[in-house]
Structures are given as C-alpha cells and as structure tokens.
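Undergrad: Below are the chains, spelled out letter by letter.
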Amino acid sequence: MIAWFAGVQIAVAVVGALLAIILGLLGRKPSDLTMGPLILVELLLIVQVVISIVAPLVGNEPSGSLLEYWVYLISAALLPIAGGFWALIERSRWSTVVIGVVCLAVAIMVYRMTQIWFVQGL
Amino acid sequence: MPDTIAPRSADAATPPTPRMSGVGRVLVAVYGILALAATGRTAVQIIERYDEAPVAFTLSGLSALVYIVATISLVAPGRVWYRVAWIAISFELIGVLVIGTITLVAPDLLGAGTGNPFGRTSTVWTLFGAGYLFIPLVLPILGLWWLAKHRPAPETTGASATSTAVTPGASGAAA
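So the protein lines, in turn, are chains A and B.
Counting in my numbering, the first sequence runs from 1 upward without gaps.
Counting in my numbering, the second sequence runs from 1001 upward without gaps.
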C-alpha cells in the first residue's frame, strides 16, 4: 500500500460523499456530477487492488493481517458497483444520498486499510 | 395505535413495499454496508484468531448475522418480516447498549483488548460502536423509529389466524 495514494483515495471519496449527500438532500436525482466521483472512486479502488497485489512482491509488506486487508478492499470495491446500479435503477433523490453514503463508507474502509497495513501489527 | 393504522394503510395500499420508500432506502443502504463490514471483519477474526477472544468473536458473528437479517427484513414486505425487523433491530439496540457498557466498564472481560474499538479483538459493538463512527448505536434507534412510522397494511384480515384456528381438526388428516 502506498500512503499518498490511499490519501488521494480518501480525499476523493470524502469530496464525492459530501457532494452527493448535499445534492441528494437538495432533491437532485443521480447525475454525471454525482455518478462521476463514484466511478472515479471505483477506478481508484481497482488501481489499489493492483497496488496491493504488487506491493508485497516488491518488499512493501503489510504490518497487520493481509487477509483482513483484502476483505476490506474487496468489500470496498463492491460498494460503488452496488451503489451505482442502485442509482441507475432507482432514479430518485435518495439514490443520490445512497451514492454519498457509499463514498463515505469507502473512505472509512480505505482509512481502516491504511491502519491495517501501516499500524496494526506494530 | 389502531387509529394510526387506518389512514396509513389507505395510502400505503398503492406501493407494494411501503417500508422501502423514500429515505428508508438510505436506511437500508446503511444497514447493508454495516452488514457487509461486520460480516467481513468477523469472518477474518474467526478464521485467523478465534482463540484470542472467543466470546467477543462469537458476539461479533451474532451481530453480523442480525445485521443481515435486519437488512433483509427491512426490504421484504409483509407483516411477518415487519415483526422480524422489530425483533432484529431491538436485539441490535440491546446488544450495542449491553456490549458497549461492558467494554466501557470492564475492557478485558470479553477477552484481552476487546475494549479497544480499533483493536484486533474488538467487536462491532465495542464502546457503543466507536470503531464504526457510533453508527451501530444510532442505526437501531433510527430503524425502530422508521418501523414505528411505517406499519404494514393489514393484509387480508386474519387469513393466517383463521387457517391456524381451523387446522386442529384438519391437521390430523393432513399429517
């Protein structure tokens, strides 16, 4: 895991979360403005999957449980997909809020992942 | 109580699943995410280090199951699921209050380190769900409030009640 990349992920997810929650509460349906960050969050998670496969091979080992890390990463990567489909099927303001909730959950899970990788076993 | 059911059932008759409308969807989404998170973490704890805190991990597993049941029961229509939702969400509220208090007062009672909400052995309910932004504490309260506001429409009155009342004679023949 690369610290700055995780930082970027968390920042993007938090911005996407705030944007979607605010716009959703204002009554907006899911749009490019809210779906865009969600897709970006998912793309960053896929990059994180690649990083996490490569990192231990080049000597960047997690300090904590690798299994626990992967459970978080895969769960996080599934969330935007579920939230995205939800938003496509159910076009209401609450779907926009759900997008925000999903982004927030991803931010929290990536933060937990950094703890597992950098702090847990120390 | 009966007074509130009558007008609600009138407008709730049109949508098939009244509990899944509006902001209730957000509630379901949060429940789903929590169920996923709790299940994943507990699975890891039980697979990797069950010996470290068997009581805490068993509780974690139980809470994860209840979150899954609660999520399903919020989505599924009908009176039975409505009752299941009440039971599951009440159980969660009691769980988070009891385990929250135990981990606050006696951090090591359920196993070493279980009082630390971010530790290797913590549960979803440790310190009232502090490791999950206190969502496990807030969610059941919102859930119960939501359920109280969205009672299911009284379905084909007492169809199940009469069938069970009639069966004593018929059940012998059926069995």
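Treat the hints with care, as some may be off.
Unchecked claim - Estimated spans, in silico, between C-beta atoms of each pair:
#	chain 1	residue 1	chain 2	residue 2	range
1	B	Val1055	A	Ile74	22 to 30 Å
2	B	Trp1086	A	Val8	38 to 46 Å
3	A	Phe5	B	Phe1091	38 to 46 Å
4	A	Val54	B	Ala1106	26 to 34 Å
Rather than coming from a laboratory, the hints here were simulated on the basis of the structure.
We put the CB at the ideal spot given by N, CA and C, even for glycine.
Undergrad: Taking the CB of Phe5 (chain A) and the CB of Phe1091 (chain B), does the distance hold inside 38 to 46 Å?
TA: Holds - the Cβ-Cβ distance for Phe5 (chain A) and Phe1091 (chain B), about 40 Å, lies within 38 to 46 Å.
Undergrad: Using the Cβ atoms, figure out if Val54 (chain A) sits within 26 to 34 Å of Ala1106 (chain B).
TA: Hint violated: Cβ distance 44 Å, outside 26 to 34 Å.
Undergrad: The hint says 22 to 30 Å between Val1055 (chain B) and Ile74 (chain A); measuring C-beta to C-beta, is that right?
TA: holds (28 Å)
Undergrad: So the hint says 38 to 46 Å: do the beta-carbon atoms of Trp1086 (chain B) and Val8 (chain A) match that?
TA: holds (43 Å)
When each numbered hint is compared with the structure, a violation occurs for hint 4 only.
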